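S.K.: Read off the chains here:
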Amino acid sequence: MSADVIDKSLETFVLNLGPQHPATHGVLRVKLTMDGEYIVHAEPVLGYIHRMHEKMGENRTWAQFMPNTGRLDYLAALSYNHGYAMAAERAEGIEVPERAEYIRCITVELNRIASHLLWFGAFVLDLGGFTPLLYAFDDREQILDLLESVTGARLTFCYFRFGGVYNDIDDNFITGTREFIKRLRSRMPMYHDLVTKNIILIKRLKDIGPISQEMCRRYGATGPVLRGSGVNFDVRKHEPYSVYPEFDFDIPVYTEGDSMARYMVRMDEMEQSMRIVEQGLNKLPEGPVMAAKAPKILKPAKGDYYCAVEAARGSFGIRLVSDGTNTPYRLKLRSPTFSNLSLFSEACHGMLLPDALALMGTLDLVIPEIDR
Amino acid sequence: MAPLDQVLALGRANSLWPMTFGLACCAIEMMAAGASRFDLARFGAEVFRPSPRQCDVMIVAGTISKKMEPAVKTLYDQMPEPKWVIAMGNCAISGGPFVFPGQYGIVEGADKFLPVDIYIPGCPPRPEALIEGILELEEKITGSRRWPRVQCG
Amino acid sequence: MDQRSTTDLLYIAAFFLGGLGFAIGPFIIATLLAPRGTRNITQKTKQLIECGITPIGDAWIRYGVIYYLYALIFLAFDVDVLFLFPVAMAYNKVTGLGIGDFVEVVLFVGILSLALVYAWNKGVFEWKRKNYNRP
Amino acid sequence: MGLAKIKEALAGLAVTDEIEVVKTIPAPPPAEGEAPGKPVEVKEKVEQNMLFTPDYAKKGYHLDVKVTPQDVVTAARILIAQEFFLESITGVDWMKDGQIEVVYDFNLWQTLCRVVIRTRTDRTNPEVPTISDIYSGANWHERETHDFFGVTFTGHPDLSPLLLPEDADFHPLLKDFKA
Numbered sequence: 000m001s002a003d004v005i006d007k008s009l010e011t012f013v014l015n016l017g018p019q020h021p022a023t024h025g026v027l028r029v030k031l032t033m034d035g036e037y038i039v040h041a042e043p044v045l046g047y048i049h050r051m052h053e054k055m056g057e058n059r060t061w062a063q064f065m066p067n068t069g070r071l072d073y074l075a076a077l078s079y080n081h082g083y084a085m086a087a088e089r090a091e092g093i094e095v096p097e098r099a100e101y102i103r104c105i106t107v108e109l110n111r112i113a114s115h116l117l118w119f120g121a122f123v124l125d126l127g128g129f130t131p132l133l134y135a136f137d138d139r140e141q142i143l144d145l146l147e148s149v150t151g152a153r154l155t156f157c158y159f160r161f162g163g164v165y166n167d168i169d170d171n172f173i174t175g176t177r178e179f180i181k182r183l184r185s186r187m188p189m190y191h192d193l194v195t196k197n198i199i200l201i202k203r204l205k206d207i208g209p210i211s212q213e214m215c216r217r218y219g220a221t222g223p224v225l226r227g228s229g230v231n232f233d234v235r236k237h238e239p240y241s242v243y244p245e246f247d248f249d250i251p252v253y254t255e256g257d258s259m260a261r262y263m264v265r266m267d268e269m270e271q272s273m274r275i276v277e278q279g280l281n282k283l284p285e286g287p288v289m290a291a292k293a294p295k296i297l298k299p300a301k302g303d304y305y306c307a308v309e310a311a312r313g314s315f316g317i318r319l320v321s322d323g324t325n326t327p328y329r330l331k332l333r334s335p336t337f338s339n340l341s342l343f344s345e346a347c348h349g350m351l352l353p354d355a356l357a358l359m360g361t362l363d364l365v366i367p368e369i370d371r
Numbered sequence: 000m001a002p003l004d005q006v007l008a009l010g011r012a013n014s015l016w017p018m019t020f021g022l023a024c025c026a027i028e029m030m031a032a033g034a035s036r037f038d039l040a041r042f043g044a045e046v047f048r049p050s051p052r053q054c055d056v057m058i059v060a061g062t063i064s065k066k067m068e069p070a071v072k073t074l075y076d077q078m079p080e081p082k083w084v085i086a087m088g089n090c091a092i093s094g095g096p097f098v099f100p101g102q103y104g105i106v107e108g109a110d111k112f113l114p115v116d117i118y119i120p121g122c123p124p125r126p127e128a129l130i131e132g133i134l135e136l137e138e139k140i141t142g143s144r145r146w147p148r149v150q151c152g
Numbered sequence: 000m001d002q003r004s005t006t007d008l009l010y011i012a013a014f015f016l017g018g019l020g021f022a023i024g025p026f027i028i029a030t031l032l033a034p035r036g037t038r039n040i041t042q043k044t045k046q047l048i049e050c051g052i053t054p055i056g057d058a059w060i061r062y063g064v065i066y067y068l069y070a071l072i073f074l075a076f077d078v079d080v081l082f083l084f085p086v087a088m089a090y091n092k093v094t095g096l097g098i099g100d101f102v103e104v105v106l107f108v109g110i111l112s113l114a115l116v117y118a119w120n121k122g123v124f125e126w127k128r129k130n131y132n133r134p
Numbered sequence: 000m001g002l003a004k005i006k007e008a009l010a011g012l013a014v015t016d017e018i019e020v021v022k023t024i025p026a027p028p029p030a031e032g033e034a035p036g037k038p039v040e041v042k043e044k045v046e047q048n049m050l051f052t053p054d055y056a057k058k059g060y061h062l063d064v065k066v067t068p069q070d071v072v073t074a075a076r077i078l079i080a081q082e083f084f085l086e087s088i089t090g091v092d093w094m095k096d097g098q099i100e101v102v103y104d105f106n107l108w109q110t111l112c113r114v115v116i117r118t119r120t121d122r123t124n125p126e127v128p129t130i131s132d133i134y135s136g137a138n139w140h141e142r143e144t145h146d147f148f149g150v151t152f153t154g155h156p157d158l159s160p161l162l163l164p165e166d167a168d169f170h171p172l173l174k175d176f177k178a
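From first to last, the protein sequence lines stand for chains A, B, C and D. All residue numbers in the first sequence are consecutive under numbering that gives the first Met the number 0, ending with 371. All residue numbers in the second sequence are consecutive under numbering that gives the first Met the number 0, ending with 152. All residue numbers in the third sequence are consecutive under numbering that gives the first Met the number 0, ending with 134. All residue numbers in the fourth sequence are consecutive under numbering that gives the first Met the number 0, ending with 178.
Take the hints with a grain of salt, since some may be wrong.
Facing chain A, according to a computed beta carbon distance under 8 Å, are these residues of chain C, among others [what the hints assert, rightly or not]: (1) 45; (2) 49; (3) 50; (4) 51; (5) 52; (6) 55; (7) 57; (8) 58; (9) 61; (10) 62; (11) 64; (12) 124; (13) 126; (14) 129; (15) 130; (16) 131.
Below, computed lysine to any residue pairings styled on SDA-like, alpha-carbon distance capped at 20 Å [claimed, not checked]: (17) D:174 <-> A:328; (18) A:292 <-> D:57; (19) D:177 <-> B:107; (20) A:30 <-> C:130; (21) D:57 <-> A:241; (22) B:65 <-> D:165; (23) D:58 <-> A:89; (24) B:72 <-> C:37.
Bear in mind the hints are in silico, worked out from the structure with no lab data behind them. The structure displayed is predicted, hence computed values, not measured ones. Where a beta carbon is used, it is the ideal one built from N, C-alpha and C, also for glycine.
Go ahead and model the full structure; you've got the sequences and the hints to work with.
M.R.: Structure follows, in structure tokens:
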């Protein structure tokens, strides 16, 4: 945070955008020093939902930590499963069969669409519009039904295993997904007409909360926040993993860097994820979904490993330090929203409070992922 | 119960206004319960009030960390009488999956410091479970159950 | 006091008492029907609401003058509407000429909206972003 | 390629350490009648320049440099000059050899080049200079590492607990932490 030196003669009061607030989507507290409606200094206070996943990693075996990855960012939990599974597979050198890789990409992209739909509903709710939330949740329920039929969970998935996935997808999942994509494609124009072209939303988001590329680099922001400021950085293309090179999709990038740009990046990403899911379903190979010789007890070689995946909110990285036993020695979770939120204090300096809330909505925060 | 009490209880039971008090994953299931498919509005509970002064039920949905505990107490006190508490999810019942030998950060269960009326197990519990919890609370308030009970098995 | 004015007075008194009843009634009902016991734990019921945190410092400070101007403009148009109610009741009844009353109303609202034009030029409605860092 | 440029830029800072290498000396050729001798393993101290380029497919990063705590700031300056961004700061508590290791991950936007900078400080009172004036994002990462390991980052504007309660004086991720 640039140490902004405020002259003392200014009469300010402290307002708590506290742990229980509809706009913080969880228990984030922002201590705002206010001059009337203007924010003089914003200081996010974290730790209200700190559950210490990292220490749990140290006294659980490798496989027992998988449910935790589902409870970090529960809106796009499958990419966290994917990150953790890939990190361990790289360390141990396990080969994942082709079909399992395709199932992983399809379910992760479906989960990304569900996460963006919920963000869309909650974000427009922050700006005052209630009805889009109901439409977005209606679509999201379709995805949750599909994912539940395969994984068994709606939110906190624990579907991936080291070496594949534990349950194969069946035909009505495939037909259900195709129908869902047709249905969502027919509803996206309605969302754009009703919300994106709405003059109130444009007035609330255009040129509000500009985030420059230089600020993104200093804070390490990734994901839609970075792509809204004109940088084409997406781990799926930047560091191709799994079977993403087989799909042809592009990365929506907007250069304005304001809240409207970040909003449009996420809306276009839903379209790209649908393209990936369709291609994934068309090219789905036959074969096993679990590696033949996946070891039951995982004992990766000594040393540390880093693995990054593109979660819905940015690049989620896992640093595993293993000392050869079956419990990790140290397990660091690099959460994307932790870095995205760290630039909030500098980004909302001198803004009006409602604009700062619009900016916070476009950062798409999930607080248990920040506090870990 | 005296007839006036019965009338009051019926009125209170069918207009339980929950407080938007999502802590973690269960909050998303609470929102899903309030949204279009599972529709809490059928039971008069779809008005999620952000301010504690205007709500009757505090649904503790998620893990309560030691840093958050004073805030939960303050919010509970600021709610006007009569008020009830629903502990939603394993974290609010007993600390859930985050209880391990070295856990310093969370309060293991909302009933450690709040008078909890209804416990809804699950991690996260499905929206139908939350609706069943609200029906259970209505039965606790009015003494009789107006909605059919699901006989499973 | 002839017969007609007393009935008028009765109407006004009844209307006033009805209003008073609606105002005070909920307080009485609330005290009668509220449950006696309380389940509070830390006796913080009377505390100001700030998302669960005890408020820091005091909010009774001197604010910018812009908010005062904002309130004044609202007040001007609020009172303006107040005067238009009786005009609406007696519209077209006194002079019988529609145009006269209409011109008077337009004139009255026009003079008041001059205040709005003045405030607009003074930039009361632009909420520009400020920079609080000392240069 | 970015990797070569950054590699020789950071080469100057790399520390040379003594690390133990297990060498197996093959058994001497057996004289006619006896049975062949067993190979003998010997531990040896070897001077090793701690700048490695591990294979990315297994480890996940391209360059791994170990520097002294003071050189972290110069390394960060070099890296921000070459447009790297800071991904995360990790603390690792090596209780057996009484040290705390702080690991910095950097990455590029245009080309894929993940650089890892490591430092080790002694465990009793770990001290590392801060890089939060170069990378503002490091402010929170350093506060979190201070929360969990007690590493004091000298020059950090405000090292108060970030994730732990304000009055927390314990460091939970140390191996000898008892709740």
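S.K.: So, for every hint listed, does it hold in this structure?
M.R.: The hints, checked one at a time:
Nearest Cβ of chain A to the Cβ of residue 45 of chain C: about 18 Å, over the 8 Å cut. The hint is violated. The beta carbon of residue 49 of chain C comes within 5 Å of a beta carbon in chain A, closer than 8 Å, and the hint placing it at the interface holds. The interface hint given for residue 50 of chain C is met, as the beta carbon of that residue sits about 2 Å from the closest beta carbon of chain A, less than 8 Å. Nearest Cβ of chain A to the Cβ of residue 51 of chain C: about 5 Å, under the 8 Å cut. The hint holds.
The criterion of a C-beta within 8 Å of any C-beta in chain A is met by residue 52 of chain C, whose closest approach is roughly 5 Å, and the hint holds. A distance limit of 8 Å between C-beta atoms decides the matter here; for residue 55 of chain C the minimum to chain A is near 4 Å, and the interface restraint holds. The beta carbon of residue 57 of chain C is positioned within 8 Å of a beta carbon in chain A (closest approach about 7 Å), and the interface hint is therefore held. Evaluation of the residue 58 of chain C hint against chain A yields a held restraint, the C-beta minimum of about 5 Å falling below 8 Å.
Satisfaction of the interface hint for residue 61 of chain C is found here, the shortest Cβ-Cβ separation to chain A being roughly 5 Å, below the 8 Å cut-off. At a threshold of 8 Å, the smallest CB-CB gap from residue 62 of chain C to chain A is about 5 Å, leaving the interface hint in force. Hint status for residue 64 of chain C relative to chain A: violated, with the closest Cβ pair at about 10 Å, above 8 Å. The beta carbon of residue 124 of chain C is not positioned within 8 Å of any beta carbon in chain A (closest approach about 13 Å), and the interface hint is therefore violated.
Taking 8 Å as the C-beta contact cut-off toward chain A, the hint placing residue 126 of chain C at the interface holds, the least distance being around 6 Å. At a threshold of 8 Å, the smallest CB-CB gap from residue 129 of chain C to chain A is about 4 Å, leaving the interface hint in force. The beta carbon of residue 130 of chain C comes within 5 Å of a beta carbon in chain A, closer than 8 Å, and the hint placing it at the interface holds. Look at residue 131 of chain C: its Cβ gets to within about 5 Å of chain A, closer than 8 Å, so that hint holds up.
Distance restraint check for residue 174 of chain D and residue 328 of chain A: the Cα-Cα separation of roughly 10 Å lies within the 20 Å cut-off, and the hinted pair is therefore satisfied. Taken as a hint, the residue 292 of chain A and residue 57 of chain D pair is honoured in the structure, with Cα atoms around 19 Å apart against an allowance of 20 Å. Only pairs whose Cα atoms come within 20 Å are accepted, and residue 177 of chain D paired with residue 107 of chain B is accepted, the gap being roughly 18 Å. Among the hinted pairs, residue 30 of chain A with residue 130 of chain C is consistent with the structure: their alpha-carbon atoms are about 18 Å apart, no more than 20 Å.
A threshold of 20 Å between alpha carbons decides the hint, and for residue 57 of chain D with residue 241 of chain A the separation of about 14 Å falls inside it, so the pair holds. Taking the CA atoms of residue 65 of chain B and residue 165 of chain D, the gap is about 11 Å. The hint holds against a cut of 20 Å. With a C-alpha separation of about 7 Å, the suggested pair residue 58 of chain D and residue 89 of chain A falls inside the 20 Å cut-off, and the hint holds. For the hint pairing residue 72 of chain B with residue 37 of chain C, the CA-to-CA distance comes to about 14 Å; that is within 20 Å, so the pair holds.
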